[in-house]
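Trainee: Below, each chain spelled out in residue letters.
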Amino acid sequence: MSSDKPRPRRMRSPYTSLTAHGEPWVWLTGGALALAIAMITGLLAFIAIRGASTFWPVPLELVELADTRRALGEVAEREPPQAAVAGAADARGGRRLLRTANFEITGNHYEWFDDAAVARSSRPEWATAVERLEGGRFHGFPVRLRQGENVVAEGPEATWQAYRREHSAVRRRYREAVRIDRHERGRLQRDLRAARLAVVQAELDAESSPARAGRVAAATAAQQKVAERVRHESLALDDRTAALRRQNEGWTLDMETADGRAVALPLEAIVRAWQPNRLSFFGKLGVYVDRWREFLADDPREANSAGGVFPAIWGTVAMTLIMALLVAPFGVLAALYLREYASRGPVTTAVRIAINNLAGVPSIVYGAFGLGFFCYGLGGGIDELFFRASLVADKQPTFGTGGLLWASLTLALLTLPVVIVATEEALSAVPNSMREGSYACGAGKWQTIRRIVLPRALPGIMTGLILAMARGAGEVAPLMLVGVKKLALDLPIDGTFPFIHPEREFMHLAYLIYDVGFQSPNSQAAKPMVFTITFLLVAIIALLNLFAIWLRSRLKRRYVAQQF
Amino acid sequence: MASTPTFTGRARRRATRPWVKASDGIARAVITLGGIGTIIAVLLVAVFLLAVALPLFRPARLTAEHADVQADVAGGGAVPGVAAIGADEAGTVAWILSTRATDAGPRAAELRVVSITDGKPLLVRSATEAGLEAATVIACSPSGQHAVAGFADGSFRVGRLGLESSFRAEEGLPAAVAGLEPGTAGKDGETIVVRAAGGQFATVAVVADFGGEPSVGLSAPVLDADITMQSDGPLVAVLDATGMVRVETRSSRRNLLTDELVTSVSGGTLESGGDGFEARFVRLSELGDQLFLFAGDGTARRYEIRDVETPALRESFDAAGGAGGVSGVARMFGGNALAVADAAGAVRVFFPTRAETATAVDGLAMAAAKLFPPARVAAPAVTALAASPRSRLLAVADASGGLRLLQTTTGATVTTLPGGVGGPLGGPASALLVAPRENRLLAASGGRLAAWALDPGYPEVSWRSLFGPVWYEKYPGPVHAWETTGHESFESKFGLVPLIFGTLKATLYSMLFATPVAILAAIYASQFLPPRWKARIKPTIEMMASLPSVVLGFVAGLVFAPVIERWLMTLLAGFLCVPLVLLAGAYAWQLLPAGWRSRFAAWRFPLIGLVALPVGLAVSRAAAGPLERLLFNGDVAAWLDGRGGSGFGGWVLALVPLAGVGAAALMGRFVSPWLRRNGRGWSPRRAAVVSLATFAVGIALAAGLAVAAAAFFDALRLDTRGGLFGTYVQRNALVVAIGMSFAIIPLIFTIAEDALSSVPDHLRSASLGAGATPWQTAIRVIVPAAASGLFSAVMIGLGRAVGETMIVLMAAGNTPLMGWNLFNGFQTLSAAIATELPEAARGSGHYRVLFLAALTLFAMTFVVNTAAEVVRQRFRRRAHEL
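Here the protein sequences line up with chains A and B, keeping their order. For the first sequence, my numbering assigns the number 1 to the initial residue and increments by one for each residue that follows. For the second sequence, my numbering assigns the number 1 to the initial residue and increments by one for each residue that follows.
Calculated directly from the structure, the hints in this document are not laboratory data. None of the values given here were measured: they were computed from a predicted structure. One or more hints might be untrue.
Sample of chain B residues facing chain A (criterion: CB under 7 angstroms; computed from the structure) [as the list claims (entries may be wrong)]:
| id | residue |
| --- | --- |
| 1 | Phe-575 |
| 2 | Gly-660 |
| 3 | Gly-679 |
| 4 | Tyr-728 |
Here are the simulated DMTMM-like cross-link-like pairs (lysine to aspartate or glutamate), alpha carbons at most 20 angstroms apart as the crow flies [claimed, not checked]:
| id | chain 1 | residue 1 | chain 2 | residue 2 |
| --- | --- | --- | --- | --- |
| 5 | A | Lys-284 | A | Glu-436 |
| 6 | A | Lys-485 | B | Glu-89 |
| 7 | B | Lys-187 | B | Glu-213 |
| 8 | A | Lys-395 | A | Glu-184 |
| 9 | A | Lys-395 | B | Glu-839 |
| 10 | A | Lys-486 | B | Glu-839 |
| 11 | B | Lys-120 | B | Asp-24 |
| 12 | A | Lys-445 | B | Glu-170 |
| 13 | A | Lys-284 | A | Glu-157 |
| 14 | A | Lys-486 | B | Glu-836 |
| 15 | A | Lys-395 | A | Glu-203 |
| 16 | B | Lys-187 | B | Glu-170 |
| 17 | B | Lys-474 | B | Glu-170 |
| 18 | A | Lys-485 | A | Asp-298 |
| 19 | B | Lys-474 | B | Glu-356 |
| 20 | B | Lys-187 | B | Glu-164 |
| 21 | B | Lys-474 | B | Asp-318 |
| 22 | B | Lys-474 | B | Glu-315 |
| 23 | A | Lys-225 | A | Glu-184 |
| 24 | B | Lys-21 | A | Glu-203 |
| 25 | B | Lys-534 | B | Asp-761 |
| 26 | A | Lys-485 | B | Glu-836 |
| 27 | A | Lys-225 | A | Glu-207 |
| 28 | B | Lys-21 | A | Glu-340 |
We treat Cβ as the ideally placed atom computed from N, Cα and C, and that holds for glycine.
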């Protein structure tokens with residue numbers, strides 16, 4: 001700069017300083033942040049509210065229409081009157097969406113009622129909501145309780161009391177009968193199948209080596225013995241279930257719909273009934289808690305749109321845990337190798353970049369890999385080697401199709417890069433001075449890693465692992481290919497030998513959301529259930545995340561304390 | 001050596017303990033092996049996908065069976081020939097109907113059954129025995145054993161001809177056949193026994209029954225015939241030497257009273273000769289609604305025969321491309337397309353299409369969709385054609401003795417066997433056959449039968465058909481299409497382009513919405529948010545990144561989709577109004593005295609979030625109605641549907657962002673400098689008012705620009721409908737973009753915020769110390785320094801959007817459409833894999849194409865992520881240097 005005379009100092013105009021502050025642009029960025037937060041918290045709050053409110057008993061409203069039609073139901077939605085905005089077509093009075101239930105009579109679960117057409121609406125005291133095993137909800141009024149032709153109680157109050165007295169015993173007997181049918185008979189069927197397959201296996205063996213031809217006869221004899229025993233035992237079971245069914249026979253709750261139509265409900269097909277208009281707060285709380293209990297602990301009913309999700313919770317947890325067990329050692333091994341053993345060079349850098357990349361590869365790609373490699377490749381091979389009998393006799397693959405093991409392996413592969421990256425970061429966060437101190441004391445490399453490095457890195461590794469579990473628990477696209485099913489009541493871990501059945505297909509909470517929400521024949525009635533499942537899944541994942549965040553903050557604190 | 005005294009008095013150990021060494025070695029071995037193994041296992045994913053997808057491009061294999069296959073099928077007479085060949089389901093046994101030359105032409109001589117693998121004759125029956133005495137023509141239906149035979153006296157018979165396999169238990173088989181190798185045939189007395197490749201035994205019976213009453217109606221020798229099976233019985237068409245065609249349908253019904261099978265015959269006769277048209281070939285469509293006649297000179301005619309008694313001429317077309325006569329016609333699998341060979345050796349594939357140019361009354365026009373040029377320049381004529389009974393594969397034999405296998409969907413030549421003196425046949429083939437399972441190719445030449453083991457590979461897939469437009473049957477022209485499920489003879493459409501397009505569409509629209517929000521939010525969070533709040537807000541948003549995509553898909557598909565459909569105009573208005581209200585809020589904030597502003601600085605963010613944003617939404621809602629009336633004729637859904645309104649509104653909507661940028665640039669270029677120069681003496685308050693006024697003028701200018709440009713385009717009769725906008729479908733790209741932004745915003749935000757925060761503090765301090773305002777520091781110092789970090793954040797978001805499955809599966813409608821319409825559905829690569837892979841048969845072409853789709857997805861994300869990673873590494877080094 002060659003200017004010799006001093007330039008006069010420029011007065012800054014207020015306008016210039018105003019533009020320099022760029023307040024409008026700051027507001028725009030602030031608006032973006034506010035929008036992001038609003039979207040996210042709004043979504044979470046929406047899911048939480050809709051999910052948590054599904055089971056709360058809602059008052060039943062009796063709507064009397066001007067044309068003398070009557071309907072009883074929960075008000076699911078209210079729309080305020082809409083003023084005409086553009087054309088006259090848009091103008092509409094207020095209306096309400098009633099969950100009218102009684103699908104077998106009305107043909108739908110929900111119905112819109114225009115406020116203008118409603119002459120009167122009230123909340124009758126004895127209005128009862130009945131949750132049935134099949135056919136969805138029933139809304140009506142209790143009339144009488146009878147056993148066969150023998151009337152036990154008549155009139156709403158007496159009937160209700162009698163119902164509460166008798167219902168639990170009837171249900172208990174019903175559940176016992178179902179348990180016998182499912183578990184004990186299922187066990188017999190399994191025994192039969194095992195014996196039959198043993199014969200097929202013996203025949204296959206005999207074909208390959210004639211020396212073992214003698215075993216066919218033995219297996220056949222054993223099969224006959226098993227068949228004899230099964231016939232014997234199932235007769236005994238028949239007696240037991242027949243006795244239970246006889247006791248339940250005839251127990252009927254007569255109800256009346258809002259229209260006055262009489263409906264007889266067999267008592268054993270009633271899951272629960274409540275009278276929301278009579279319930280106190282604590283009464284409602286009782287129903288609420290009971291429905292949550294059923295949701296968490298029971299099997300699903302009605303194409304997964306009612307009942308519980310216990311098998312899905314079980315499947316999610318089992319799969320996530322097996323995945324964690326698989327991914328932890330291998331992830332740590334790979335990270336230890338990359339960070340502590342591999343020589344620094346372009347190859348290591350390339351491998352590191354590749355692994356970082358794999359963390360971003362779409363999960364569906366891993367799903368395709370899992371189906372092709374694990375299910376068809378490995379599973380098919382295992383079937384050929386060990387389960388030929390089932391393959392030949394039943395044309396049924398054992399391992400050669402989706403299953404818990406393959407799903408866990410696929411997800412382990414999917415989360416492996418995440419764990420490797422997290423572990424590497426945790427390892428590199430351990431100060432080199434600590435390693436050097438250890439070597440100076442004469443420790444070997446492995447001793448240093450085991451006693452100094454790994455303990456310090458452990459919280460970081462755990463954080464990565466938990467985040468991987470959170471991702472695995474919510475991932476569903478690859479599972480659709482490698483073993484998740486709509487309905488799989490046989491749990492992968494149960495009381496039948498050999499207790500762990502890694503080849504079984506399983507249910508998963510995240511898949512349930514897709515299935516119930518999109519594949520359900522009646523998606524509107526199933527929607528509240530989907531919200532509850534979503535709420536449960538989000539809660540599980542949020543808990544895992546919070547745990548990881550807590551661990552991370554603990555890790556940070558520990559380092560602050562140990563810096564020297 | 002004397003030991004030095006030590007402090008403890010004990011001798012110091014100078015050697016490492018052996019177990020420490022051992023454990024070190026073991027650990028090194030285990031970790032190295034395990035580590036490398038794990039890394040290889042992870043990298044194996046790509047290799048495996050490639051290994052599954054690669055066989056798609058493997059060429060077909062055609063290997064001659066061992067030497068003695070060439071069975072002698074001479075039927076006696078001077079020049080033996082072969083009229084027809086057939087094979088059993090497994091492709092182990094073949095039947096050959098040989099001919100004997102007579103003065104009046106070849107006549108059926110005998111029916112022979114031979115084993116394909118070794119050429120051994122298994123059975124011989126004379127034509128008389130089979131009811132085919134003096135038959136001139138035989139045509140078999142592609143499925144089943146129905147056939148029609150035409151005779152020299154103009155009569156014809158409908159009967160059955162073929163082989164019937166039935167399963168046979170292994171026990172009790174005589175030793176002669178019990179020892180058969182799998183895949184071969186043998187004889188037990190008069191019974192033919194075959195052993196399948198899987199080891200099971202079956203007996204094969206010859207069905208040759210033309211015993212019924214002959215149909216009369218034609219008087220000259222039969223030239224050609226065709227048969228197709230309808231639901232109630234066979235439909236046949238027979239052509240005689242005078243050009244007369246007889247069409248007959250036979251329907252069999254069981255009489256309910258007498259339980260007798262009653263066959264009723266109805267038919268009509270068609271005279272084609274007379275105007276110089278000398279029909280040489282006759283073919284029926286598989287549905288039985290069309291009849292085609294081909295003349296020797298290359299012209300052809302299409303008749304409609306829905307009513308068989310009165311065939312009606314619909315269209316005449318040129319079947320040989322002006323290159324001479326037609327030398328053979330074959331009906332392709334599926335029954336829609338006909339392959340026509342001309343005298344010059346070229347093969348064309350014709351099918352009826354619904355073309356707009358069609359002149360026929362039924363609106364159809366025969367299109368020559370594919371042309372296979374002659375095998376060589378010398379152009380030997382085609383002597384025989386045979387369509388595969390399970391795919392669109394066509395075997396072609398030419399006069400030089402060469403063979404070709406063609407795929408008529410993709411237009412690819414699958415494989416060729418050169419002819420000539422040393423050729424496999426030694427002469428031109430007179431009959432060809434692709435076995436029912438496509439495992440054998442048979443050709444008869446003179447009196448000999450040659451067989452090849454055939455492995456066609458995946459001819460329905462080729463690079464061109466995957467990534468280029470293909471002319472599929474019934475379509476008016478070549479298109480990109482993805483359609484993989486249909487009935488048995490469905491023509492699968494494996495075009496990956498619609499899926500790749502859908503993936504890009506989802507990515508583009510999602511990024512368009514999510515990127516600005518995430519980056520701007522990251523700038524605010526890192527530069528302007530009090531640290532105490534940041535500590536709360538950042539983990540919250542981070543946690544959102546792990547929200548399962550199935551949840552977002554469900555919310556987008558079932559909650560957002562109906563809401564957006566109802567509030568569409570409000571949403572569209574919101575894209576305009578919310579930023580405007582935020583800007584207006586900022587200008588209003590400037591009106592406050594400087595002292596107040598700094599005192600309430602901590603309240604700025606709550607003000608933005610809790611006041612400005614809701615006000616923006618309220619304004620959008622209020623503005624929705626007037627805007628809808630102004631731009632979209634009062635009903636945006638109807639406008640999108642193309643009902644009413646001009647193209648003006650769409651242009652305004654599309655151009656407003658551009659106009660905003662343009663107006664801002666104009667104001668910045670011309671107005672602001674003037675104000676800066678002339679505003680020296682103003683009070684701060686006056687400056688704030690003037691800037692508010694400038695803002696208002698800027699808005700007006702932007703609106704004016706947008707309206708002017710929109711009016712201009714509208715006057716040119718251009719419309720955004722059909723391009724950017726179009727008919728509203730409930731599950732569409734807008735819904736996906738909003739649902740996906742819930743997944744992408746947290747991801748981009750987190751990485752971008754990290755990048756911005758990791759810019760060293762001394763840069764910031766220096767900038768502020770030099771007198772820059774926080775905004776100037778942020779935009780001129782921090783953002784440029786972190787630019788590569790921001791870039792990699794966007795790339796990682798992009799990678800996630802490309803591969804996202806559940807959201808697009810649940811909210812995009814899954815229709816593989818092409819078109820940029822924001823309000824239409826689409827299908828992505830990932831959604832196609834998720835829905836179709838479980839159903840695809842293992843090892844089929846469909847299965848492998850889906851793996852190719854997975855590989856494509858893998859490659860797309862790998863490229864994007866590598867770019868992001870390389871940039872990020874560079875950013876890290878640079879940040880280190882700063």
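Trainee: Work down the list of hints and note, for each, if the structure agrees.
Mentor: Against the structure, the hints:
Because the closest C-beta pair between Phe-575 of chain B and chain A is about 12 angstroms apart, greater than 7 angstroms, the hint is violated. Hint on Gly-660 of chain B is violated. Least Cβ distance to chain A is approximately 12 angstroms, over the 7 angstroms limit. Using the Cβ-Cβ criterion of 7 angstroms, the hint placing Gly-679 of chain B at the interface with chain A is satisfied: the shortest such distance is roughly 4 angstroms. The interface hint given for Tyr-728 of chain B is broken, as the beta carbon of that residue sits about 16 angstroms from the closest beta carbon of chain A, more than 7 angstroms.
For the hint pairing Lys-284 of chain A with Glu-436 of chain A, the CA-to-CA distance comes to about 65 angstroms; that exceeds 20 angstroms, so the pair is violated. Between Lys-485 of chain A and Glu-89 of chain B the alpha-carbon distance is near 36 angstroms, which puts this suggested pair outside the 20 angstroms criterion. Proposed proximity of Lys-187 of chain B and Glu-213 of chain B is contradicted: the alpha carbons are some 33 angstroms apart, above 20 angstroms. Taking the CA atoms of Lys-395 of chain A and Glu-184 of chain A, the gap is near 25 angstroms; set against the 20 angstroms cutoff, the hint is violated.
Proximity of Lys-395 of chain A to Glu-839 of chain B is assessed by CA-CA distance (about 17 angstroms); at most 20 angstroms being required, the pair is judged to hold. Distance check on the hinted pair: Lys-486 of chain A and Glu-839 of chain B sit about 15 angstroms apart at the alpha-carbon level, within 20 angstroms; holds. The hinted pair formed by Lys-120 of chain B and Asp-24 of chain B fails the criterion: a straight-line CA distance of about 71 angstroms is larger than 20 angstroms. Our distance criterion of 20 angstroms between C-alpha atoms is broken by Lys-445 of chain A and Glu-170 of chain B, whose separation comes to about 67 angstroms.
The suggested pairing of Lys-284 of chain A with Glu-157 of chain A holds, with an alpha-carbon distance near 19 angstroms, which does not exceed 20 angstroms. Note on Lys-486 of chain A and Glu-836 of chain B: the hinted pairing holds, with a Cα-Cα distance of about 17 angstroms set against a maximum of 20 angstroms. The suggested pairing of Lys-395 of chain A with Glu-203 of chain A holds, with an alpha-carbon distance near 16 angstroms, which does not exceed 20 angstroms. A C-alpha spacing of about 15 angstroms is found between Lys-187 of chain B and Glu-170 of chain B, which places the hinted pair at or below 20 angstroms, so the restraint holds.
For the suggested pair Lys-474 of chain B and Glu-170 of chain B, the alpha carbons sit about 48 angstroms apart, so the restraint of at most 20 angstroms is broken. With a C-alpha separation of about 17 angstroms, the suggested pairing of Lys-485 of chain A with Asp-298 of chain A holds against the 20 angstroms cut-off. Among the hinted pairs, Lys-474 of chain B with Glu-356 of chain B is consistent with the structure: their alpha-carbon atoms are about 13 angstroms apart, no more than 20 angstroms. Taken as a hint, the Lys-187 of chain B and Glu-164 of chain B pair is honoured in the structure, with Cα atoms around 15 angstroms apart against an allowance of 20 angstroms.
Simply put, Lys-474 of chain B and Asp-318 of chain B have alpha-carbon atoms about 18 angstroms apart, close enough for the 20 angstroms limit, and the pair holds. In summary, the hint linking Lys-474 of chain B to Glu-315 of chain B is supported, as the alpha carbons are separated by about 16 angstroms, within the 20 angstroms threshold. Taking the CA atoms of Lys-225 of chain A and Glu-184 of chain A, the gap is about 18 angstroms. The hint holds against a cut of 20 angstroms. A threshold of 20 angstroms between alpha carbons decides the hint, and for Lys-21 of chain B with Glu-203 of chain A the separation of about 55 angstroms lies outside it, so the pair is violated.
Under the criterion of a C-alpha separation no larger than 20 angstroms, the hint pairing Lys-534 of chain B with Asp-761 of chain B is consistent with the structure, at around 17 angstroms. About 16 angstroms separates the Cα atoms of Lys-485 of chain A and Glu-836 of chain B, which keeps this hinted pair within 20 angstroms; it holds. Only pairs whose Cα atoms come within 20 angstroms are accepted, and Lys-225 of chain A paired with Glu-207 of chain A is rejected, the gap being roughly 24 angstroms. Proximity of Lys-21 of chain B to Glu-340 of chain A is assessed by CA-CA distance (about 17 angstroms); at most 20 angstroms being required, the pair is judged to hold.
The structure fails hints 1, 2, 4, 5, 6, 7, 8, 11, 12, 17, 24, 27 (numbered hints given earlier, in ascending order).
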